[in-house]
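S.K.: Using the working numbering, read the sequence shown as starting at -13 and increasing by one per residue.
Take the hints with a grain of salt, since some may be wrong.
As the list claims (entries may be wrong) - Once the Cα atoms are required to be at most 30 Å apart in a straight line, the calculated DSS-like pairs of lysine-lysine come out as:
| # | residue 1 | residue 2 |
| --- | --- | --- |
| 1 | Lys150 | Lys134 |
| 2 | Lys134 | Lys153 |
| 3 | Lys154 | Lys134 |
Derived by calculation from the structure, the hints in this document are not laboratory data.
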Amino acid sequence: MNTNHPPHAVSRLRTARLARSTRPFLARGGPHGERCGGCRLILSHCICALRPVVPTRAGVCLIMAEHEALKPSNTGWLIADVVPDTMAFGWARTEVDTALLAVLADPQWQPYVVFPGEFVAPERVITQLLPEQNASDSSEPAAAISKKRPLFILLDATWPEARKIFKKSPYLEQFPVLSLLPEQLSRYRLRRSRRDEHLCTSEVAGLCLQLAGDVFAAQTLEAYLDVFSEHYLRAKQQLKVDWDDEFHQRLRALAASVASTPQA
């Protein structure tokens, strides 16, 4: 495992979830053997050394169903790997994490609940980000005005669980609902969905990042998902990894671009 990266939000949530478990969590259908604590893959297929971190203007807030952080196939973990400003909170029907409410109230963020518009009242639904406020639109001094950063609230859960979270979380009702219109079907290969157009959480985050102008981060996250999926499936099938295939080459090229770009 590459130890250069400290535990991120999903990793910390997973640790907390395991700490209160009364019995060990056993992933179904996955490979047996010791798993890496940094990427959740078996050690021979670890991808920690390939992890790309891309600074973004946008942030991601994951609201995760009870067992999502424990699943080796969960892709919210990949978002937290790539996007530094990723926050993760477990969802419960009867209580709300005060830290989550603090994030949603933070004035630096403009939260968007990402959810299909067909299940939401039309007046809440948008398909593009809200226009940024300019100094000419406010009576405040120009120096006091800061443009809010997009914060994408992703419900990281199965589809039935996500609908429940959306309906049973009144603290989300004050925010606009961003309804994505993906042009491509899901390429996620690790869990089957009844509908091909259902995207995994990482794919949804990539579309959101594109809308926010973080195109390079979106491309990197897409490439990282491809590499993770390839390693996951090869581990499950007990096959060796081809470190020079098209997935790895693309991710390495993107990572090299990140390393060579001066940070602001």
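S.K.: Please name the hints from earlier in the document that this structure breaks, with their numbers sorted from lowest to highest.
M.R.: none
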